[in-house]
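*Asks:* Sequence:
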Amino acid sequence: MTRSAATHPGRVLAATLLLATLVGCASVALPPHYDPPPILTPQTAPAPVPPPPPVAQSQPVSPMQPVPLPLPPVGATPAPPPMPLPAATPPPPPTEQADPNASLVTFSTRMDGDSAVPPTRSAGTGELDALYDTRSHLLRWKAKWSGLSAPITAVQFHAPGEIGQTAPPTMVWPGPFGPTYEGRATLTNQQATDLLSGRWYVNVYTANYPAGEIRGQLREVR
Numbered sequence: 001m002t003r004s005a006a007t008h009p010g011r012v013l014a015a016t017l018l019l020a021t022l023v024g025c026a027s028v029a030l031p032p033h034y035d036p037p038p039i040l041t042p043q044t045a046p047a048p049v050p051p052p053p054p055v056a057q058s059q060p061v062s063p064m065q066p067v068p069l070p071l072p073p074v075g076a077t078p079a080p081p082p083m084p085l086p087a088a089t090p091p092p093p094p095t096e097q098a099d100p101n102a103s104l105v106t107f108s109t110r111m112d113g114d115s116a117v118p119p120t121r122s123a124g125t126g127e128l129d130a131l132y133d134t135r136s137h138l139l140r141w142k143a144k145w146s147g148l149s150a151p152i153t154a155v156q157f158h159a160p161g162e163i164g165q166t167a168p169p170t171m172v173w174p175g176p177f178g179p180t181y182e183g184r185a186t187l188t189n190q191q192a193t194d195l196l197s198g199r200w201y202v203n204v205y206t207a208n209y210p211a212g213e214i215r216g217q218l219r220e221v222r
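When you line the sequence shown up against this note's numbering, it's residues 1 to 222, in that order.
A hint or two may mislead.
Derived lysine to aspartate or glutamate pairs resembling DMTMM-like cross-links, with alpha carbons at most 20 Å apart [said to hold, decoys possible]:
# : residue 1 : residue 2
1 : Lys142    : Glu127
2 : Lys142    : Glu220
3 : Lys144    : Glu182
4 : Lys144    : Asp112
5 : Lys144    : Asp129
6 : Lys144    : Asp114
7 : Lys142    : Glu182
Simulated restraints, written as ranges between beta carbons of each label pair [stated by the list, open to error]:
#  : residue 1 : residue 2 : range
8  : Pro92     : Gln156    : 44 to 52 Å
9  : Arg135    : Pro90     : 29 to 37 Å
10 : Arg222    : Gly164    : 16 to 24 Å
11 : Arg121    : Asn189    : 38 to 46 Å
12 : Pro93     : Thr186    : 32 to 40 Å
13 : Ser146    : Ser197    : 27 to 35 Å
Hint data in this document are derived by calculation from the structure and do not stem from the laboratory. Note that CB positions come from ideal geometry on N, CA and C, so glycine has one too.
Please put together the full structure from these sequences, using the hints given.
*Replies:* Dropping the structure here:
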């Protein structure tokens with residue numbers, strides 16, 4: 001044994017063990033036709049395919065059935081059906097205001113001796129204004145006179161008569177008679193017709209002129 005071996009006994013022991021190991025490995029026999037298993041590599045899994053959406057199936061539509069109304073309790077009076085709302089009506093057209101004077105007719109006359117039949121030489125004169133309501137047939141009048149030759153004995157309306165003609169009295173004025181006079185009367189249909197046609201006249205009688213001292217024909221004032 002050399003000096004280096006004697007000096008390092010541990011190294012000699014390690015080398016001996018290594019050699020024995022190599023010899024043992026060389027004596028191992030491999031089986032014939034040995035194929036090592038393939039090496040598997042990780043594969044990426046394919047993405048799952050989603051299932052197709054369900055197809056809606058047509059269903060027969062059943063007709064709508066009326067919903068029955070609940071029956072009222074026994075002994076209860078059923079509520080009346082709702083009343084229909086009244087239809088809106090347009091407002092009436094505006095009406096024209098009636099003229100309160102539309103039915104009034106005004107008459108006037110001047111009395112003198114020349115209009116009397118026969119004419120007189122009297123210096124007396126007179127005036128008369130009248131208002132007639134065609135609805136109520138009421139005639140109202142006012143008269144005045146002056147310069148007569150004698151006191152008045154009678155005053156009358158005559159109809160139907162034109163200027164220069166005579167006619168029977170249609171209305172007698174009740175007295176007494178002063179310098180003025182006011183009267184009213186409701187006319188008949190015939191009197192109203194004669195008045196509106198201009199066939200009325202007024203005659204003033206005095207003691208000196210029993211056939212009439214002054215006279216005037218009533219005319220409508222327009």
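*Asks:* Are the Cα positions of lysine 142 and glutamate 182 separated by 20 Å at most?
*Replies:* With a Cα-Cα distance of about 4 Å, the restraint between lysine 142 and glutamate 182 holds, given a limit of 20 Å.
*Asks:* Would you check the hint for lysine 144 and glutamate 182, treating anything up to 20 Å between C-alpha atoms as holding?
*Replies:* holds (9 Å)
*Asks:* Does the Cβ distance between serine 146 and serine 197 fall inside 27 to 35 Å?
*Replies:* holds (30 Å)
*Asks:* Take a look at whether the Cβ-Cβ distance between proline 93 and threonine 186 falls inside 32 to 40 Å.
*Replies:* holds (36 Å)
*Asks:* Does the Cβ pair arginine 121, asparagine 189 satisfy 38 to 46 Å?
*Replies:* Holds, since arginine 121 and asparagine 189 (Cβ atoms, about 39 Å apart) stay within the stated range.
*Asks:* Keeping to a limit of 20 Å between CA atoms, is the pair of lysine 144 and aspartate 114 held or broken?
*Replies:* Holds, at about 18 Å.
*Asks:* Holds or violated: lysine 144 and aspartate 129, Cα atoms, limit 20 Å.
*Replies:* Holds: lysine 144 and aspartate 129 sit about 9 Å apart, inside 20 Å.
*Asks:* Run the distance test for lysine 142 versus glutamate 220: straight-line Cα separation, threshold 20 Å.
*Replies:* It holds: about 15 Å lies between the C-alpha atoms, which stays within 20 Å.
*Asks:* Taking 20 Å as the top limit, are the C-alpha atoms of lysine 142 and glutamate 127 close enough?
*Replies:* Status holds; Cα separation ~8 Å.
*Asks:* CB of arginine 222 to CB of glycine 164, is that within 16 to 24 Å?
*Replies:* Taking Cβ atoms as reference, arginine 222 and glycine 164 lie about 23 Å apart, which means the hint holds.
*Asks:* What's the verdict on lysine 144 and aspartate 112, does the C-alpha distance respect the 20 Å limit or exceed it?
*Replies:* holds (12 Å)
*Asks:* Quick check on a hinted range of 44 to 52 Å for proline 92 and glutamine 156, using CB atoms only.
*Replies:* holds (50 Å)
When held up to the earlier numbered hints, the structure conflicts with none and fits them all.
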